[in-house]
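Chemist: Modelling step: build the complete structure from the supplied sequences, incorporating the hints.
The listed protein sequences correspond, in order, to chains A and B. All the letters of the first sequence, read from the start, carry residue numbers 1 to 340 under this note's numbering. All the letters of the second sequence, read from the start, carry residue numbers 1 to 536 under this note's numbering.
The hints are simulated quantities; they were obtained by calculation from the structure and are not laboratory data. Where is the CB? At the ideal position from N, CA and C, for every residue including glycine. Certain hints may be false.
[Said to hold, decoys possible] Keeping only pairs whose Cα atoms sit at most 25 Å apart, straight-line, the calculated SDA-like set for lysine to any residue is:
#1 A:115 with B:249
#2 B:270 with A:39
#3 A:94 with B:182
#4 A:94 with A:127
#5 A:211 with A:340
#6 B:255 with A:211
#7 B:270 with A:43
#8 A:115 with A:175
#9 A:71 with B:249
#10 A:94 with B:176
#11 A:211 with A:186
#12 A:155 with A:13
#13 B:255 with A:53
#14 A:94 with B:245
#15 A:211 with B:146
#16 A:115 with B:168
#17 B:255 with A:130
#18 A:94 with B:270
#19 B:270 with A:74
#20 B:357 with B:369
#21 B:270 with A:59
#22 A:211 with A:115
#23 B:270 with B:167
#24 A:94 with A:134
#25 B:270 with A:14
#26 B:255 with A:95
#27 A:20 with A:213
#28 A:27 with A:197
#29 B:357 with B:336
#30 B:255 with B:245
#31 A:94 with B:344
#32 A:94 with B:168
#33 A:94 with B:369
#34 A:71 with B:369
#35 B:270 with A:115
#36 A:94 with B:276
#37 A:94 with B:275
[As the list claims (entries may be wrong)] Okay, the calculated bits of chain A under chain B, using three or more residues with CB under 8 Å as the criterion:
#38 63 to 77
#39 92 to 102
#40 194 to 206
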Amino acid sequence: MAAVELHEIEKSFGSTAVVKRLSLEVKEHELLALLGPSGCGKTTTLRMIAGLERPDRGVIRLAGRLVDDGKEFVQPEQRGLGMVFQSYAVWPHKSVFENVAYPLQLRREQNVEAKVMEALGWVRLSALAQRRPHELSGGQLQRVALARALVGRPKVLLLDEPLSNLDVALREELRGEIASLRATLGTTMVLVTHDQGEALALADRVAVMNKGVIEQLAEPDVVYREPGTPFVAGFVGGANVLEGVVQDGRFIVEGQSFELPPRTAVTPGPVTVVVRTEDVAVGGTGPALTLQAKLFLGSTTEYRFALGQQVLRSTGPAIDGLKPAQAAAVSFRAVRLFAR
Amino acid sequence: MKRALVIAAALIATVFLPLLVLLLNSGSPATWPALWLAPQALNALSGTLLSSFGASLVALVFGLPFAWLVTRSDVAGARGLKTLVTLPSAIPPYLWTMGWIALANPRSGWLTLVIGQNRLDVYGLGGIAFVLGTSALPLVVLATSAAFERIDSSLEEAARLSGASALRTFTTITLPLITPAALSGAALVFVFASASFGVPYLLGVSANPPTPTLTTRIYGEVLMGEAGLSRAAVLSVELLVVAVGVLLLNGWLAKAGRVRLPRGKGLGQKVLSLGRLRGLVSTAAWATAITIIVLPLGAIFLTGLQPTWGQWGSLTFKHWGVVMQARTLQAIGVSLALALVAALLVGSIGLMIAMTKRRWLETLADAPSAIPGTVLALALLVTFSRDVRFVAVERVAFVLALGNTFWLLLLSYVVKHLALGVRSSSDALSQADPTLGEAARLSGAGRFRAFVDGIFPQLRGALSAAVLLTFLTCVSELTMSVLLIPTGSDVLGTLLFELQSYADPGSAAVIASALLLVVLAALLVESAMVRRAEAR
Ligand SMILES: Nc1ncnc2c1ncn2[C@@H]1O[C@H](COP(=O)(O)OP(=O)(O)OP(=O)(O)O)[C@@H](O)[C@H]1O
Ligand SMILES: [Mg+2]
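Modeler: Shown next, in the form of structure tokens:
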């Protein structure tokens, strides 16, 4: 039985459709990432699962239990969920301890103190139990929010961009903590993020969203290696996405003609070609393009070539003597072709 | 620095020295307990405390729901409702009193006639608290709606996800978060109410039994002449202690209970849908607002059009001739002139003080606004009623004869409202872009010219709002005027007060109507000004 089940969910704000006929199943004990660009409807989807937003159409079930079908509606507090908000949402008038104790007190549980201290232990905040929120850093606040969401042992934990307000180092650290918490507690998690690195690193499966629909739902390595759509390729892999036509076995874009690598399944006509940056070779036999910029990225160097109005990016080892404004031959080692 | 010292010296001479003189006139700390605990003083003190506490309660009971409705719910016409419930502050409290007397005096009020005689009585402690509370409604509404607006919805949603119902979330999360703001709003109402004179006089003195307060007792003592003056001084010190005490307590509470709402990006504010109750709640909210705000004002207009006071009948403009009587015209002229000069002085002195950028001077200039008007006026009266003789540069002697002149009145208006000018100028200055002035300097302008061309245009909006507000409060000022008005003269406030309490409530209603029209028109002008400033 799926821990979370969305069936043909639709949601509009005013006249703009934000979520369109979206169906999704989150398996038990799984961490599913909802990945997509800003404004694609990730938060809205998550909030509908939580019951903070009502879908216009569709059915939502939690562990088989109907929680929203347009008529029946289970209030958010009765869904047995935990949620971590992007803004932390730690109550400023309560201490760390009181924040984490709140869900237990509402349920009149026994041994509140022990349970709270255990939850604070999970996020390594035991020493700060008596602090007030304004005495905490952003990372510590987010840990409080995590402990508060987990202290009641929810079946499903919803996380809305939990790391996006933190700086890079903290983000890495908390990312590791979420992973290890999941390993110890086995909680099902739905993680909303626009950071592909975060999604690929943490998730068992990634649902890539664009404009209110899921474009691909698969394991991280599949999403990365075999993107199902040009959008997924561009968003997740950072690949070049070029729209052109196939003619006589060659790919024509912006007036330049590229040879397609051998064994590419070729269908003549308008196509979208996806080329990963590491598959763009500099030197060799392709058309000569002008180098616009050269970016040193540490282990590799990125070259940006002008391709008409578009930019073609190539990453690889530094090439001696190639400077901006010079031209160089560019060719493709491997491509994915999508008919348009 | 020199200018700062001169201003400080002037403030000390006109406010703090007179307060000292008042203090010296009120006996010594050793005799205070006996004087304060005298039955009459105690009676007045308890009247002040009870009516002020009641007013705070009334303002909270009405203000909190209104603030929540207009900020966090989908109540119908939220903007209009907010405008309506923040209106009362702009209208002098004694006008509300006149409205309520017309509505709910036990014999012939408009409401009394509907409900039946002797069921409603606006006179007495309850009436005083109610009228003061509703006329100070904006203090609570503005403070708490600002707090409601600062609560990120995710704080409440986190509570729902933790298992709290909507009601539980409101009582355990929302309410505690706005409590500091509500308390501070209530404290301001308390201070406002304890300093108020017109309301307790009109509703307390002729109540049965009479309900004295500190301000009305002070007035009564002053009317007795020299002998009453020292008793009035004692009561003034009591009043000052009450007002300043509550303000200090509030400042301390605010610091102790301060809740810092965390930073971070969230969804912001989500408006709660009232659902099926929307129609009912909206109707109730509007009906309440209309009853406590529109009705009393309407009653004033209607009273001015009644043929005989206290009787139904065909409406007539025959009383409106009173506006054209010499005495009325003179009072209007004096009030307009005094208010205009006071407002301009408040604006320019306030700007001068803010430009010195000295915190201590700003604090010094802010302080008089916390002193109840009655106390300030009495201090000036006690100090300057006799001529003050200065001997400067050896033999040249100046005689400062302020007693019984309009100068003293003007002085009291200016120092009492100076805080408005200082605060708005210093806020505007801190937001102004200094590079515009610097650019003018580099283009060849002198210091003064650079200020006029580069900085002043950025302050104009805030400054004219402060000037307008000062003008509006001064044009209808009563509390200080009643003590400081030269014998035989009137300002609008004192004229209205006299007509209403002794002579001719019908004529009072007519003048009040005219005053109301002016205030409402000025408010329209101000909101247009604000809108234009915001558009820029
Ligand atoms: N309450 C609302 N009223 C109107 N429009 C809304 C509301 N909530 C969200 N939207 C709109 O719906 C769209 C999707 O919003 P959503 O918050 O789900 O996006 P998101 O994928 O979470 O984006 P982000 O990464 O920026 O958080 C956006 O265009 C947003 O402006
Ligand atoms: Mg979002």
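Chemist: Now look at each hint and say whether the structure bears it out.
Modeler: Hint by hint, here is what the structure shows:
| no. | hint | result |
| --- | --- | --- |
| 1 | A:115 with B:249 | 39 Å, violated |
| 2 | B:270 with A:39 | 17 Å, holds |
| 3 | A:94 with B:182 | 18 Å, holds |
| 4 | A:94 with A:127 | 16 Å, holds |
| 5 | A:211 with A:340 | 18 Å, holds |
| 6 | B:255 with A:211 | 47 Å, violated |
| 7 | B:270 with A:43 | 14 Å, holds |
| 8 | A:115 with A:175 | 23 Å, holds |
| 9 | A:71 with B:249 | 52 Å, violated |
| 10 | A:94 with B:176 | 10 Å, holds |
| 11 | A:211 with A:186 | 31 Å, violated |
| 12 | A:155 with A:13 | 29 Å, violated |
| 13 | B:255 with A:53 | 37 Å, violated |
| 14 | A:94 with B:245 | 29 Å, violated |
| 15 | A:211 with B:146 | 35 Å, violated |
| 16 | A:115 with B:168 | 22 Å, holds |
| 17 | B:255 with A:130 | 19 Å, holds |
| 18 | A:94 with B:270 | 22 Å, holds |
| 19 | B:270 with A:74 | 20 Å, holds |
| 20 | B:357 with B:369 | 20 Å, holds |
| 21 | B:270 with A:59 | 24 Å, holds |
| 22 | A:211 with A:115 | 41 Å, violated |
| 23 | B:270 with B:167 | 16 Å, holds |
| 24 | A:94 with A:134 | 10 Å, holds |
| 25 | B:270 with A:14 | 15 Å, holds |
| 26 | B:255 with A:95 | 17 Å, holds |
| 27 | A:20 with A:213 | 6 Å, holds |
| 28 | A:27 with A:197 | 22 Å, holds |
| 29 | B:357 with B:336 | 32 Å, violated |
| 30 | B:255 with B:245 | 15 Å, holds |
| 31 | A:94 with B:344 | 48 Å, violated |
| 32 | A:94 with B:168 | 16 Å, holds |
| 33 | A:94 with B:369 | 36 Å, violated |
| 34 | A:71 with B:369 | 58 Å, violated |
| 35 | B:270 with A:115 | 32 Å, violated |
| 36 | A:94 with B:276 | 34 Å, violated |
| 37 | A:94 with B:275 | 31 Å, violated |
| 38 | 63 to 77 | holds (count 3) |
| 39 | 92 to 102 | holds (count 3) |
| 40 | 194 to 206 | violated (count 0) |
Violated hints for the displayed structure, listed by number in ascending order: 1, 6, 9, 11, 12, 13, 14, 15, 22, 29, 31, 33, 34, 35, 36, 37, 40.
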